[in-house]
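Protein chains: 4
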Amino acid sequence: MKDNRLNKRKILNDPVYGFINIPSDLIFDLIEHPYFQRLRRIKQLGLTEYVYPGAVHTRFQHTLGALHLVDSALSVLRSKGFLITEKEEEAVSIAILLHDIGHGPYSHTLEKVIIENYSHEELSLLYMKDLNEQYKGKLDLAITIFTNQYPKKFLHQLVSSQLDMDRLDYLSRDSFYTGVSEGVVSSDRIIKMLSVANDELVVEAKGIYSIEKFLIARWLMYWQVYLHKTVISTEQLLLRIFGRVKELISLGHTIYLTDEFHFFFDNPGKKLNTKDILETFARIDDTDIIGLLKHWENDKDPVLSILSKNLLNRNLFRIEIQNEPFDTKIIEKHLFQASKKLHFTEHELRYFVFTDDISKNAYSAFDDKIQIAYKDGRLIDIAEASDMLNMSVLSKTVRKYFLCYPKEIE
Amino acid sequence: MKDNRLNKRKILNDPVYGFINIPSDLIFDLIEHPYFQRLRRIKQLGLTEYVYPGAVHTRFQHTLGALHLVDSALSVLRSKGFLITEKEEEAVSIAILLHDIGHGPYSHTLEKVIIENYSHEELSLLYMKDLNEQYKGKLDLAITIFTNQYPKKFLHQLVSSQLDMDRLDYLSRDSFYTGVSEGVVSSDRIIKMLSVANDELVVEAKGIYSIEKFLIARWLMYWQVYLHKTVISTEQLLLRIFGRVKELISLGHTIYLTDEFHFFFDNPGKKLNTKDILETFARIDDTDIIGLLKHWENDKDPVLSILSKNLLNRNLFRIEIQNEPFDTKIIEKHLFQASKKLHFTEHELRYFVFTDDISKNAYSAFDDKIQIAYKDGRLIDIAEASDMLNMSVLSKTVRKYFLCYPKEIE
Amino acid sequence: MKDNRLNKRKILNDPVYGFINIPSDLIFDLIEHPYFQRLRRIKQLGLTEYVYPGAVHTRFQHTLGALHLVDSALSVLRSKGFLITEKEEEAVSIAILLHDIGHGPYSHTLEKVIIENYSHEELSLLYMKDLNEQYKGKLDLAITIFTNQYPKKFLHQLVSSQLDMDRLDYLSRDSFYTGVSEGVVSSDRIIKMLSVANDELVVEAKGIYSIEKFLIARWLMYWQVYLHKTVISTEQLLLRIFGRVKELISLGHTIYLTDEFHFFFDNPGKKLNTKDILETFARIDDTDIIGLLKHWENDKDPVLSILSKNLLNRNLFRIEIQNEPFDTKIIEKHLFQASKKLHFTEHELRYFVFTDDISKNAYSAFDDKIQIAYKDGRLIDIAEASDMLNMSVLSKTVRKYFLCYPKEIE
Amino acid sequence: MKDNRLNKRKILNDPVYGFINIPSDLIFDLIEHPYFQRLRRIKQLGLTEYVYPGAVHTRFQHTLGALHLVDSALSVLRSKGFLITEKEEEAVSIAILLHDIGHGPYSHTLEKVIIENYSHEELSLLYMKDLNEQYKGKLDLAITIFTNQYPKKFLHQLVSSQLDMDRLDYLSRDSFYTGVSEGVVSSDRIIKMLSVANDELVVEAKGIYSIEKFLIARWLMYWQVYLHKTVISTEQLLLRIFGRVKELISLGHTIYLTDEFHFFFDNPGKKLNTKDILETFARIDDTDIIGLLKHWENDKDPVLSILSKNLLNRNLFRIEIQNEPFDTKIIEKHLFQASKKLHFTEHELRYFVFTDDISKNAYSAFDDKIQIAYKDGRLIDIAEASDMLNMSVLSKTVRKYFLCYPKEIE
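Residue numbers (numbering that gives the first Met the number 0), protein chains in the order written: chain A, 0 to 409; chain B, 0 to 409; chain C, 0 to 409; chain D, 0 to 409.
Derived from the structure by calculation, the hints contain no laboratory data. Some hints could be false.
You can't tell identical chains apart in this list, so a pair holds if it fits in one copy or across any two.
[What the hints assert, rightly or not] Straight-line C-alpha distance at most 16 Å; calculated EDC-like pairs for lysine to aspartate or glutamate:
#1 Lys406 - Glu319
#2 Lys399 - Asp326
#3 Lys9 - Glu203
#4 Lys137 - Glu88
#5 Lys374 - Glu319
#6 Lys339 - Asp258
#7 Lys340 - Glu234
#8 Lys205 - Asp300
#9 Lys406 - Glu31
#10 Lys245 - Glu110
#11 Lys308 - Glu278
#12 Lys9 - Asp70
#13 Lys368 - Glu383
#14 Lys205 - Glu319
#15 Lys406 - Asp380
#16 Lys308 - Glu31
#17 Lys332 - Glu234
#18 Lys151 - Glu88
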């Protein structure tokens, strides 16, 4: 037991699962890589901590948690007689470990704000390819699985599907850290019920209630946490700040930026080298955004300065949510009232009074199914198999409209 | 139910206790104050997350948790017939809320590094006095209690003593977030057993086992978490970085600093105005340190640059711990080996190879007692009352010595 | 603090809530009463432990848990400004404490088997009236509330309604003891959201997700636990045993019975005195049933003997469940196959091969509503207020059919 | 996957660990055996539920829990490279499963009261041998391990030693069901630290804090639960009842007994056949004791009748505990006062006023060590290795004296 490989095996403490094993040498090295260590400084739920103070957990923890669940799932599937080689095991572990590596600071909120042309999934793939070069092709199979080109599709589905280990971890973890027990998912139970049919991940029939519960928990977490109105108000504030910064830059103003942000924001539209993008982006995390806000709260542009100060000191917009679009008259009324408090042009006021919509569907049968496997061999989609039938509701897209305005004009 | 006071009453979700009530208008306003909001950006356990990835909780959460426990304790004491006025309730709530307001980034590690002349307790008091001016004397009683000048000493002891609500919260919370179950404390049970005798906080005799468990839990948390050798190694790395920065400044080098750090580090020894200190310090949090490290990893001084890069990428010193001081020869041997890898002067090498000691006592009977109240009126210190007797061990100061050196020279 | 009243105040440990306070002297005395102590020997979930071995908790614990939740709810309602006198507090506490006092051994399974003319609710009321005499009218108000004759209807609704503290406790407790996390309900959160409008218990609008979760949790618990097919099979076995006993008695056979069962089973149809019923019934608990089975497994009637032995040794019927009634031919086929293993008459065989149906609705808007209170004063039933809409599904009665037969004939 | 063996594989829900796998066919059959099913009707903590109402869990659950921990431990040891064959795995699983099979009703309290000549361990071994005959020698290896005659001693130590899986389960489980969090043990962490040296079970050095915590948790559970004074008072009441019954029988009185108790109690001193003992004892469980008490509360002997009624209705002795024996005068004073309330002879009064002692040591270095394995190969006993040193206290036998007397004479 003295070889290098075993020396690197580590056990990590995790508040959600107790212990997490690092299953191999290569995975240990990937975790140690600066690209990955950076995830320690990116909060899983971004600005949600403004509403749920406990929710300061990081993408680093989430990813390790998802790795742990993949390992559990593989061991359950093996015990049911499905062949999974050690090579496949390591590859799918790497795929889940790196599935979020392309996330930037304040993840979803600032996605496509810092780098306009790539989603975080596309960036994750670029990072994987870059690491694959650094590790001399050792990530080949992981990439094949991640991009769903591997015949054993269930391996990809563990990483990305309606029932992937990513979701299973984030629901449990977000629920744990926010203290919102609605999202508690019995991941143990779901994983014990996993099986494989026609190379696809399926759920044994006796696990149907757990799947129903999982889908409902996800739905409830959307409304209680992910789309909580104060969270949206906070995210909008951050978005308006970056909107203003980009506008000011386009108008030729000089705005404080770090080198990394100069790289992305100077000369918008310019062609950037992929390797440069990856290396520069990997130097940015949540702390950079706070650092910028601290400079911008002293910017000479009063719009940028006020918005930045408001975010730092948690002085948020008032927000209203409704099922129909807001009437133009209501918006104009709020703009008018805002104009009495804030001496801005109408264009500037629209950074403080604005409306938009949010929408979300918890489960869509069209994208990807959750298949229930019966003892007689039938495979039936959960939307059809469920006694509760309300899956038709869960899979419907819900659209809600919000209106933000300053607290002062109430 | 339309008055302003009630409008501000809020319930916060907390993963440890479920819900936390904000008990009054003034307390709500203090929480909203930028001085307090800053605590959102100061991690309770600083660099401990490098060992326990879950431990990213903040001083903001901890303080609200301690507030919650104080409120529970007051309500238990009232139910036992002890008079506590509404004014006293608000005052002790404010005192606990602000007891950590003087903490800076990476709390204990950088204490006296950024501001050399004040401990965090002294800074907390200065901030309270400053807020007292802002709120026109409404914090008078809170300050009297915080400084232990109030006749009902048990109110101060809820805020600061061997059995204060600060400790009760941080043990539970640190245990929860690290996933180290050794520190789990039944705070409910301890609080139910609190009572008052001669104006002092005491514990009813039937709570003796819970107190024993609490002291042992604290002891175990020291060795499992607070003094975990890799945590110490990480903290030492941060300390060496700041040591090098100060040395370079004293030698006349130009080092990147933010305005706030220029204020504290330029012209060491200069006289600073207290109000300026408070306002400047309140603009600094954990994110500033990360921001500085990101600049310093490109500094032209190779010592500073290597150390900063190592901390950002979690490339830590190897550390050894033992009960006796390390022999000079061992240190010299490590220095010699380091010199073959790192081409530095001996003085510079001592940033990479060094030794020091840590010591801690979990309970000292001399400072402050935990008194057990028997039904017949006797008050006996836990160290004497405990059947387990090992309190004599717990109260003994333990000193351990560590040696740090680069992983490469192993 | 030396008066008798306070001496009786007690704190009990409870694994679900931590601590339960006994709020008054009278309630302490009621708990000490043999009628109530008997609930220690009646399992909350009866034979469910044959499927979920952890589910051996008692009606005693459940009732104390519900008492705890009522006290929490009253304290929340008071903090929102609703007047509840000390007398009302004690009365509603007594009402919840005694709401299940009429339950007999194996509760729902044997309801109307031992005493044919009374439901357990009717028996609970009779016991309350009997205790009211013993305590000289001190339960008058409790009875008025229990029977819903008190103007402040919300007090009754805390004891019995779609959202009563009985349900809140049993879902949490049954979930805790079975280990089926699907039933976990955030009772804390729901209770914090309770309010009163027009003397009725309502839920504040921001609690709507918790209510949705509560209704779904209840639904899932029905199918995972309460109507689990093996649980039904076990209950049916117990019912068939008592059916056979009664049949044999009516045929003049001498069957072993304890004095208490002689009282109820001899001379069916005879007129019984209420006081005698109450006193005799109060001497019966789960252990009596086991005692009877141990005698009956040696009875000379082979049907009774085999069934009793099967229950004691957990040798259960095979059970099939489907959405439509079972075809007569299938039943006849099973009877025929059973006849080859068991040499019984067809009449006797029908104790081993039989079919019936189960049905359950988790929420019925017709019985009693859960009203959501909006800030603008509107009150809307959850079935209408819920975005998830599937309340229409939850409130639909589901009927399922089962077929039982001996394992041997498979 | 259609063979018989796999068909019998089952997963059970457990509130403490989530899921428990039944690892083999033979183990499934043993669980189904009436000898084992009987453990469903024997509470793990006997009369402790009179103090901790939640503590109604059974020996059935505990044994399955210990089985689960053994399986986890074996899998950890295998992952560290220690060879454990499938045959050994099944054998040690059987040994833990049956280690408590010799327990009778109210376990420790009535041990040697019903069967005077055998401890429960001796009975367990007799049952194993009996089952071994029934299963044609398939338990040979399990018995060899149980009786510590197998060379790989660590297998026996998993079943019975200072650190066996029996203790690990009962501490966790008793803590869970009583709600006394002091006993929470991180069994996961301890099991991950297990290793083997010289065929003995050892603990890796980094697990030392967890072992310290485990020993302290055990100590605290003794005083909080197992030796709680009201628990002792309750157990003494049960013991006095059986003492009186045996005395009355020896005096020639006719006392109600079931057939099984006639077998054991008639003609004391008579020679009994082992097979008869096993079969008769296996028909007795907790419910029989309650059944007897219900008869005895109407016995014509007033001592027996009063004591039995008191136990059924939880009317317990007052109990005092102190470190020294009680003075004869105090006992005589209580006897005298009791004589004024209860018109009995002095001999009879001694069933109501009596004194005795209890003693317990949590860890004794003499019996069996817990060895800590250091990386350099040293093995050191925890009593020596522990920094806390108080192991010397924990391993000391503590003796306490109690005095019981009726509440009425206070």
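**OP:** Sort out which numbered hints this structure fails and list those numbers smallest first.
**Re:** Checked against the structure, the hints that fail are numbers 6, 7, 8, 15, 17, while the rest are satisfied.
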